[in-house]
Amino acid sequence: MTEAAVARFFASPRFAVAGASNDPRKFGYKILAWYHQHSLPVTPINPRDQSIKLPSREYPTASSPKALPEPAETSLSLVTPPPVSLALLKEAQQVGIQAVWLQPGTFDDEVLAFARANFEAAIGGDGGLGSEGWCVLVDGEDGLEAAGRVWKQQKL
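Numbering (my numbering), first residue to last: 318 to 473.
Derived from the structure by calculation, the hints contain no laboratory data.
Label pairs and their in silico Cβ distance ranges: (1) V412 with P377: 15 to 25 Å; (2) E375 with Q470: 17 to 27 Å; (3) G413 with A321: 14 to 24 Å; (4) D426 with L473: 29 to 39 Å; (5) P358 with S380: 15 to 25 Å; (6) P372 with E427: 32 to 42 Å; (7) V467 with R365: 27 to 37 Å; (8) S373 with A434: 34 to 44 Å; (9) P377 with P341: 16 to 26 Å; (10) L446 with A384: 25 to 35 Å; (11) P341 with G447: 12 to 22 Å; (12) E427 with E375: 33 to 43 Å; (13) G413 with P364: 16 to 26 Å.
The C-beta atom is built at its ideal place from N, Cα and C for all residues, glycine as well.
With the sequences and hints as input, model every part of the structure.
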């Protein structure tokens with residue numbers, strides 16, 4: 318079930334990271350950098366910063382899922398606390414996002430239940446290769462392969 322959801326997630330033509338950060342120590346930065354390093358079209362979502370700067374590229378941010386250019390063609394990774402995640406998921410569902418990835422620490426039972434009930438693909442909770450559950454940083458490359466995506470590693 319979840320392996321199929323991971324393949325569906327990575328089949329999207331676009332990606333977004335809610336909770337993207339300019340702080341290299343934070344997972345919001347690390348997850349955005351992972352998409353960038355795998356040459357995937359990604360938009361950071363951060364309502365406070367105008368852009369997120371990686372060493373080799375600066376990405377303009379969207380303020381929310383509603384501000385994404387093509388939300389129905391975008392898979393959304395969340396790197397936010399559970400109450401924020403739930404609000405973002407409700408908005409994502411309203412704008413037609415079909416696939417979401419809840420990083421470890423971003424969900425509680427209510428968030429997981431909402432995601433599983435309202436999205437074609439919802440990844441989160443126990444499973445994956447890491448000890449803390451499904452994580453793009455740990456499980457993403459297998460997901461890209463499962464979706465048949467060829468990627469070229471690029472510099473951070």
